[in-house]
Amino acid sequence: MDWINILIQGALLGGLYALFAVGLSLAFGIMRLVNIAHGDLIVLAAYLALMTVQTTGLGALGSLVVVVPAMFVLGYLLQRGLLNFTLSGGLLPPLLVTFGISVIIENVLLQEFGADIMRLHAGAIETASLRLGGGIAVGVYPLLVFTTAVAAIAGLQLLFDRTTLGRAFRATSDDAATAELMGIDNRHIYAVAMGIAMVFTALAGVLMGIRTTFDPSAGPVRLIFAFEAVIIGGLGSLWGTLLGGMVLAIAQEVAGAVSPNWQILAGHIAFLVILIVRPSGFFPRTRD
Amino acid sequence: MSLLVARGLRAFYGDFQALFDIDVTVAEGETVAIIGANGAGKTTFLRAVAGALPCQAAMVEFDGRPIGGLAAHEIVRRGVAMVPEGRRLFPSLSVEENLLIGAYCGRGGAWNLARIYELFPMLAQRRSLPATLLSGGQQQMAAIGRALMSNPRLLLCDELSLGLAPVVIRDIYVCLAAIASEGTTLVIVEQDINRALDASARFYCFQEGRVALAADCRGFDRQAIAGAYFGL
Amino acid sequence: MDGFRIERSTRESRGFAVVLLLGGVTLVTLPYWAGPGTMRLISEMAYYLALAQLWNLLAGYAGLVSVGQQAFVGIGAYALFYLTSQFGMNPLLAMALAGPVAAAIALPMALAVFRLRGAYFAIGTWVFAAAFELGVSLIQPLGAGSGMSLTPAILYAITPGREARALIIYWLSLAIVFVVCAVVYLLLRSRHGLALTAIRDSEPASASLGVDTFRTKLMIYVITAALTGVIGALIFVQKLRLSPEAGFSVNDWTVVVIFMVVIGGIGTLEGPFIGLLIYFALREFLADYGTWYLILLGVVAVAIMLLAQEGLWGLVVRRFDIHLLSVRRHLLR
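One line per chain: the protein sequences are C, F and A, in this order.
The opening position of the first sequence corresponds to residue 1 in the numbering used here, with each subsequent residue numbered one higher.
The opening position of the second sequence corresponds to residue 289 in the numbering used here, with each subsequent residue numbered one higher.
The opening position of the third sequence corresponds to residue 521 in the numbering used here, with each subsequent residue numbered one higher.
To be clear, the hints were calculated from the coordinates, so they are not data collected in a lab.
Source: prediction; values computed, not measured.
Ideal placement from N, C-alpha and C gives every residue a C-beta, glycine not left out.
Treat each hint with caution, since some may be false.
[To be verified] Derived contacts from chain F toward chain C, CB cut-off under 8 Å, selection only:
hint, residue
1, 366
2, 372
3, 379
4, 518
[Claimed, not checked] Over the 12 Å line for every Cβ pair with chain F, so calculated as not near, a few chain C residues:
hint, residue
5, 54
6, 56
7, 110
8, 119
9, 151
10, 171
11, 182
12, 263
[Claimed, not checked] Pair ranges (Cβ atoms, derived):
hint, chain 1, residue 1, chain 2, residue 2, range
13, F, 502, C, 89, 34 to 42 Å
14, C, 89, A, 537, 48 to 56 Å
15, F, 308, A, 698, 49 to 57 Å
16, C, 150, F, 415, 53 to 61 Å
17, A, 672, C, 260, 54 to 62 Å
18, F, 412, C, 164, 16 to 24 Å
Work the whole structure out from these sequences, hints included.
Right under this line is the structure:
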């Protein structure tokens, strides 16, 4: 059993899971919204990429140019037009509305595309690998995904720490009412936050679609991975989410190498262990 | 020239009516105090003016134009800033970031970071600290500085002296006087009557959501206020 | 308190009780005047109503929004299939035991998942259900990925004749939904019900008044799990075939149930009835259009949550102030 390669594979896959999770984490951090439709939006992005590839000449990776802005706009409109109205009603409305949206997306995709499993194709890069010596080989595509994840998270962290918009995000997350008194339009800020979350979701969907197959019902599993990565890493920490994704993916890859049937279950078990032993995750936010 | 006019202002928390036909006028450059017991409606009044509480459009006029019911972020843009009760600094932001966020609405003017630090030197020393690590008095100064960063024409101050030592309160009111001397219009809500009346030209006394008394501060008998304050 | 008395029922609720009684008699005698297709439909409505009342109890009253109740449907079903095929137990007894089995798993699970709050709790329950589904598909004695079947021998143990069996299962469905509704109703009328309403309105406040919020919620969760387990056994004793995917299906046992409760009126006892009727009507009318009825259901649920959070029954209550199934106490002079 080639454990080093398995661990590397898992670590790199963790980048993809982190991309799954960042959107969920962002929405919760800034507006306390847990988007049950999150996984289905990832799948929607993959289907958007598919349509883009089929109608334009762009390749799968090239389709990002279309899918990312499209998903940003979708996220902005969804938040501004629908989800903003659920935020003041307590626990149930956001949960049940996003749950409803999840079911709607799944079934609309089913009606449109049928239940066939799909795949995005990026060409030779999918199977290319880098030999690092000592018998260690690293897939070029997984490395690309991981690097993208790290760069995107670093960019987001920079946005939070250094820009006016990031300051507005943090202020709104702390105290939305007082942020309004400072001139920050909450409705707009929430919508921008969701738009950015959808940018990550778009990245996640397209990169996932190249790596594995997908179908309309693939959403909930992605939601669960995202959720597990967030909890393992600790609510409220972006880098924690990356670590959480890596822990999850490594658990899956290691178990999968032993027996393929145990792969996903191992991820659930890792999550449950963390939940029982250290419910606040590895990098918990000090204040909520 | 009246900068702020509240006319027949009514405000509700759900079904509960908190303000009944409030008439308040504040001229440009004036400092006006609003005093009253707990629950009299003083904070509610400020929140209605600042847009944190909904009311009908014509009930509040700023610079001759109705602002009642406008969103808070829009009212700030027009030049009304609030120093909220309890300071309400942002815990995730440093002192300097809190000040910077005050400038978010983009109003230009005399107040900027350098001038705020001039007014409150101890904030400059602590600019990178998380805002909530400051002492009560320093937090109050930061909250005032944050509001000033939006270059307001009207500054609403809600219970500045709450929970602070007398020495600290004195320092804060010295700063307020400096701010007023720049031409900023101030509305001061206080439970500490003496402080408020010493700092202001006129005052209103609220009692159970109504204006019980309105007069000049100069020469007014403090005993007479007690009647209006307590509703005797 | 001179001159006051506390009344538990209103005129409408007393009237409704009569209606319910008449309805109950009609349903019980149904096999004698309607065909097997109708019996099956009523059975299906019965178990969906039961699932809906239980989910409503959890989410609408205890504030525990679970998206993982399908876990207990599956557990109950597997308990039935395993006990009957491995131990030759009578299916009816096995169905009853499905309850305690589900409860036994719900208890430790709750201790873990209660560490999560709000929407994270919801997803956590979903993760558990997914984990159970995967776990079961790895266990050979439970049929692994391909599942299990109820052999004719097992079915004979209920009763040899096919028609007699259909009758028994039909009346069992009615009995179970009646018991579930009764349990929910009595719970809510009891002091536990008051505690739940208090918790739902404000957990810190009720905790400060001495309500043991943790114990109350735990009790509700375990009871709900047990009854859901029994319902799971009931569902699959009729389907005859069980697989991990079918037993733990989110779409069949959770999505539909949640929509029913939300559209009908979450947090009311009458709501699930309304939601049930609307769901079955929609399913009938849109039968030829694939999954459009699910999409429409989703749209209606979203609209209800945004525009009329109390659901359709809540709108009726607001407009007419009628309470048919009264769990409140009225102070009268």
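Does the no-contact call for residue 171/C survive, Cβ to all of chain F over 12 Å? violated (5 Å)
CB of residue 308/F to CB of residue 698/A, is that within 49 to 57 Å? holds (55 Å)
Closest CB-CB distance from residue 263/C to chain F, is it above 12 Å? holds (38 Å)
Can the suggested window of 16 to 24 Å be confirmed for the beta-carbon pair residue 412/F and residue 164/C? holds (21 Å)
So, residue 379/F near chain C? Judge it on the closest CB pair being under 8 Å. Where the cut-off is 8 Å and the nearest Cβ of chain C is about 6 Å from residue 379/F, the hint holds.
Holds or violated: the 34 to 42 Å window for the beta-carbon distance between residue 502/F and residue 89/C? For residue 89/C against residue 502/F, whose Cβ atoms are near 41 Å apart, the range 34 to 42 Å holds.
Given a hint of 53 to 61 Å, does the C-beta separation of residue 150/C and residue 415/F actually sit inside it? Because 31 Å falls outside the window, the suggested range is violated.
With 8 Å as the cut and Cβ atoms as the points, is residue 372/F at the interface with chain C? Nearest chain C Cβ about 6 Å off; hint holds.
Is the nearest CB of chain F more than 12 Å from the CB of residue 119/C? Residue 119/C is indeed farther than 12 Å from all Cβ atoms of chain F, at 42 Å.
Non-interface claim for residue 151/C: all C-beta distances to chain F beyond 12 Å? holds (24 Å)
Quick one, is the residue 366/F hint okay against chain C at 8 Å, beta carbons? violated (10 Å)
Checking the smallest CB distance to chain F, is residue 54/C really beyond 12 Å? holds (43 Å)
Checked against the numbered hints above, the structure violates hints 1, 4, 10, 11, 14, 16 and 17; every other hint is satisfied.
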